[in-house]
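Undergrad: Sequence:
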Amino acid sequence: MNRSFNKSQSLRYLDCTAVEVKSKYGAEFRRFSVDRFKPGKFEEFYKLILHIHRITNMEVMIGYADIHGDLLPINNDDNFCKAVSTANPLLRVFIQRQEEVDYSDFGTNTLTRRKKAVVALRPDVIRKRPHIRIGLPQDFRPVSSIIDVDILPESHRRVRLYRHGSDKPLGFYIRDGTSVRVTPHGLEKVPGIFISRMVPGGLAESTGLLAVNDEVLEVNGIEVTGKTLDQVTDMMIANSHNLIITVKPVNQRNNIVRSSRISGSSGQSTDSGSSTGFAGLPPAGTGHSFPADELESDEESDIVIESNLKRP
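So that you can map any letter, position 157 of the sequence shown is 157 in full-length UniProt numbering, and since no number is skipped, the others follow by simple counting.
Do not rely on the hints blindly, as some may be mistaken.
Computed list of lysine-lysine pairs in DSBU-like fashion (alpha-carbon distance at most 35 Å, straight line) [said to hold, decoys possible]:
1. Lys41 to Lys82
2. Lys24 to Lys38
3. Lys38 to Lys82
4. Lys22 to Lys82
5. Lys22 to Lys47
Each pair of labels, with its calculated beta carbon distance range [claimed, not checked]:
6. Ile237 to Phe37: 38 to 46 Å
7. Glu223 to Lys24: 52 to 60 Å
8. Arg31 to Ala211: 49 to 57 Å
9. Glu44 to Ile147: 33 to 41 Å
10. Tyr46 to Glu205: 29 to 37 Å
11. Lys24 to Glu99: 13 to 21 Å
12. Asn251 to Lys38: 43 to 51 Å
13. Asn251 to Arg54: 55 to 63 Å
14. Gly69 to Asn242: 42 to 50 Å
15. Val199 to Glu59: 41 to 49 Å
16. Asp78 to Glu100: 24 to 32 Å
17. Thr86 to Thr228: 28 to 36 Å
18. Phe29 to Ser85: 18 to 26 Å
Simulated from the structure, these hints should not be mistaken for lab results.
Ideal Cβ positions, reconstructed from N, Cα and C, are used throughout, including at glycine.
Can you build the whole structure from these sequences, using the hints too?
TA: Structure below.
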């Protein structure tokens, strides 16, 4: 970060990659610049703000004015990079003590409101309504969503998992088993991939959209039919930062029911240890018979979906 600033010459003429920052704390203003394409970490920016305003022993809240006139917070690397990349041409930063922060000030159209005009329209005898103080979420990000509800059978569910950061695993194990499908030739056993265990506190468990014994049908649009457990694991690891997994939930009661359409054929999915009812899949393209001992699996063959996994 560059803290030098020449008042007679704007930074945008000196360096097209530099973003001019104007920070305000109380009645004090400071000017410096950051690199638009490599702004650094939020922690570094936070320490710089405290240093140039000489408030290093104080807890503060940093906000900025975006191009739409909204006052938005800067409290993590993501919204810091967003603030710098969208600054045009000046990034205006506002600093408040933590104990003085009014979270109702943050939101849409906050800086363009004119309170004086509102007060002028009110009689003096009418009291102002107290503001409802709602705490601002810290590091608020989506973790999952259900997609393609209108094109999937009612018995299926397509879940998108948003994995932020590289340290937190997806948090579930998978195993192989057998799935019983309804075909024109009758019931047919085919190999399948199932969720065998959820990691407590992991991303998958926190979504509430996946469960043990859910059958995995697709990974990012690629069918898992005919693929081995290792191949499916590699597919999930490769797409772990934006994983879209289509499953046939073991619990069909929570599925979205659409009265305008009828779900696919009914069937049943099983594994070597137990038999559990499932709603159906379309008929498989090819039919194979597998010996029971080849389809059996135990906890030792489970594979946890993590980016830093090393299989034996």
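Undergrad: Each hint should be assessed against the structure and marked as holding or not.
TA: Okay, the hints, checked on the actual structure:
1. Restraint check: the Cα-Cα separation between Lys41 and Lys82 comes to about 12 Å, which is no more than 35 Å; the hinted pair holds.
2. A threshold of 35 Å between alpha carbons decides the hint, and for Lys24 with Lys38 the separation of about 23 Å falls inside it, so the pair holds.
3. Distance restraint check for Lys38 and Lys82: the Cα-Cα separation of roughly 12 Å lies within the 35 Å cut-off, and the hinted pair is therefore satisfied.
4. Under the criterion of a C-alpha separation no larger than 35 Å, the hint pairing Lys22 with Lys82 is consistent with the structure, at around 16 Å.
5. With a CA separation close to 16 Å, the supplied pair Lys22 and Lys47 stays within the 35 Å bound.
6. Ile237 and Phe37 have their C-beta atoms about 29 Å apart, which leaves the hinted 38 to 46 Å range violated.
7. Range check, Glu223 to Lys24: about 56 Å between beta-carbon atoms, so the 52 to 60 Å window is met.
8. Roughly 54 Å separates the CB atoms of Arg31 and Ala211, a value that falls within the hinted 49 to 57 Å.
9. With their beta carbons about 36 Å apart, Glu44 and Ile147 fall inside the hinted range of 33 to 41 Å.
10. The hint said 29 to 37 Å for the Cβ distance between Tyr46 and Glu205, and at roughly 32 Å that hint holds.
11. Range check, Lys24 to Glu99: Cβ separation about 18 Å, and the 13 to 21 Å hint holds.
12. Separation of Asn251 from Lys38 is about 47 Å and conforms to the stated range, judged on CB atoms against 43 to 51 Å.
13. Distance hint for Asn251 and Arg54: a CB-CB separation of about 58 Å, consistent with the stated range 55 to 63 Å.
14. Between Gly69 and Asn242 the Cβ separation comes to about 32 Å, which falls outside the hinted range of 42 to 50 Å.
15. Range check, Val199 to Glu59: about 34 Å between beta-carbon atoms, so the 41 to 49 Å window is missed.
16. Taking 24 to 32 Å as the suggested C-beta distance range, the pair Asp78 and Glu100 conforms, at roughly 25 Å.
17. Evaluation of the 28 to 36 Å hint for Thr86 and Thr228 yields a failure: the beta carbon distance comes to about 46 Å.
18. At about 23 Å, the beta-carbon gap between Phe29 and Ser85 stays in the expected band of 18 to 26 Å.
In summary, the numbered hints that this structure violates are 6, 14, 15 and 17.
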